[in-house]
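Heads up: the sequence lines are chains A and B, in that order. Per my numbering, the very first residue in the first sequence carries number 1; after that it's consecutive. Per my numbering, the very first residue in the second sequence carries number 1; after that it's consecutive.
FYI, nobody ran anything at the bench for these hints, they're computed from the structure. Backbone N, C-alpha and C define an ideal beta-carbon position, used for all residues, glycine too. Check each hint, because a few of them may be wrong.
Keeping only pairs whose Cα atoms sit at most 27 Å apart, straight-line, the calculated BS3-like set for lysine-lysine is [what the hints assert, rightly or not]:
1. LYS376(B) x LYS145(B)
2. LYS110(A) x LYS145(B)
3. LYS325(B) x LYS105(A)
4. LYS134(B) x LYS145(B)
5. LYS422(B) x LYS352(B)
Partial list, computed: chain A residues near chain B (C-beta under 7 Å) [claimed, not checked]:
6. PRO18
7. PHE22
8. TRP135
9. ILE233
Some residues of chain B that are not near chain A, with every Cβ distance over 10 Å (derived) [as the list claims (entries may be wrong)]:
10. ARG110
11. SER203
12. ARG254
13. HIS331
14. SER436
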Amino acid sequence: MNLTATPARRQLHLPPAPTSPFPYNPGSLLSASDLPLEQISHLLARATALEDQDPLARARILAKRRIALLFYESSTRTRTSFELAAKALGADTTLVSSLSSSIEKGETLKDTGLTLRALGAEAIILRHNSSGAPWLLEAETRLPVLNAGDGMHEHPTQALLDLRTILTHLRPGIEAVTPDTLAGITVTIVGDILHSRVARSNMLLLPRLGARVLLCGPKELLPDLAAQAGPGISIERNFEAALRQSQAVMMLRIQAERLAGLQLDLEQYKANYQLTGQRLAAQAPDAIVMHPGPIIRGLEVTAGVADGPQSVILEQVRNGVAIRMAVVERALLAGAVAEQGGRA
Amino acid sequence: MTALVVRGGRLIDPAAGIDGLKDILLKDGHVAEIASPGKLKQANGAEQLDASGLTVAPGLIDIHVHLREPGQGYKETVATGTAAAAAGGFTSVAAMPNTRPVNDSPEITRWMQSPERGASIRVFPIAAATRGSKGEAINDFAALKSAGAVAVTDDGYPILKDNIMRETLAAAARVGLSVIQHAEDTRLTHFAGGGVAGMNAGSTAFKLGLRGMPSEAESGMVERDIRLVTELRDARVHLHVAHTSTAAALAAVRQARRSGLRVTCEVAPHHFLLTEEHVGCYNTNAKMNPPLRSASDRDAMIEAILDGVVDAIATDHAPHAIHEKEVEFEHAPNGITGLDTALGLSLRWLHKEWKLPLGRVLSLLSAQPAALLGLKGRGTLTVGSFADVVVFDPNAEWTYRARDTKSKSRNTPFDGWTMQGKVHWTISEGRIAYASRS
């Protein structure tokens, strides 16, 4: 039993902290914190190997295996790259989106998941507007579930592709990661942290490799308690000061669809937090500029910065396909390995 | 009516200051005689229950349950809810008015108490303070009281407006009813385009990507209510704070009591045992309103129970159907069941672990809630009182299984937890309402 926080005046034996049964399936990727460093190294290595592999040979890896993409929110990059990744490995994919399916008629996530399983899906890639939805889907279907973004919570494959991008530029040649692979590197995440699943996954992942994550934004979009989300995270509200410390700058979009009534002065926001060519040249001339997309040009970044020499935004997109090939492969093969291990 | 003798048990009646081996004779729904073992004078021909080695106490009283009738019988009915209550050692429950329709009328208040509902124990309705619990127009408290209502509340919602709350406190005081406040400043907890979060605001909510309910939403409302009670300067005014969950709200209650105000509060077992960490990976059976709070809030609940600031343990038994909880966390309704587990958790933790004397635990579950709502002849076993009795083995440990519940619902975070204290018999007004099979 755990001895957690104790009251001021007495030492009390308290009920145990909860233990997590997740993930039920070894092929699932629900949270960036689920992956031990060895698995991250393995995924990075597989991403490179799969990228380099002959396309015809690669297409035999998951030939005719069935993977469902279940999307409750619109998506360009994530959906397309997951689909291309699965197809590159030879899998059959099917897309179910909330606007063209029985979800519109009120079917629950549980029933949709069970239906996909009955149709032969061996893994489900889920994008959902509710935080935690992948956990529910995994518990109900016990299939490998890949979290392609849940509400304001996590987007673990984005963090992995961001890691690959950062490594390429700042630690070239490294594929096996350790707790100090990113020691000495500061990654600043700027903007709407509160509503960002990309920020949360990166905040959980990058410090485990030794990076310092600096969060920057106004109080409405970046509450002070964000710094308590894990080790290696701190807040710097002054954008210039944050930029000066950064080797990588990750710009985020303001998520108008999740503001829930919050009023923001966009002109004020741009004045304080827009990444302009001038700011970048003055404060961080060597840093890489990242953005998970979609970009709102002229809001969080100027067009000049988005298209400029420090921008690695399209490289992130390309890395998405490689990382997702590795994650999709793991989804179906990790389960098989575990099953065989279980039988033996 | 038949007579019943409970023989050879350890009678603990905190209100009467009794703790000793006694035989007790129940007759015509009341306690007829109490005597040392073998010394009852009027017990001839009475049915006998052997309580040797067991504890005999006033039946438990839960002043905060949702029986869901009328309107939501798929979650619970008066019959199933009271059956679960009896199995948990309860002989009285106070039923909250957030039914469909809201219980804001003498007709519904009487309907809930009708024998046709099939209650196995006594149900005391708590009526809505305002029409439809909308917080605007105050109901006729005299009529509700004569129909059987024992308090008024808009539970599920606060009475938000100062003038309406002031008027409610004053009008209830005039007819001798308590006002129970669901203390939640909904201006701080409701979000555009979304319902109630059911999650404490804080770093856990941030990490889970959930919108949170700040503790100030509770404590601010309690502070406002206490200010209104102070301003009314009427000793008859009684404010009772439902399901207290924050250290700051308890501090306000503590301060009000020092100032001599009639302000009471209840705490639910989940709020003195669990923290926001128990939401875990979006466990919807750990979602309720008020939500599970921080460790320091939980610790403050324990402290306040041990040092006597808390007046009652109440479960906020809130059954929901399985399909309603098997959804995304943000879409799941708030609430968990509690009648099955209140005694077992209280004995396991308050008594065994934290050394609160057995009499004090039982008082929090019977004598004090009875006094709080003015339930005459309940919460004690003196001669002439109602024959509401619980007989239990205080040392028995057992594992709670939600599937074994008599409730229609099983939305509990305590499935698989170790309980202490096994109920053998629950006797409601002289009738055996529950008997364990073993």
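Earlier hints that do not hold, by number: Numbers 2, 9, 11, 13, in rising order.
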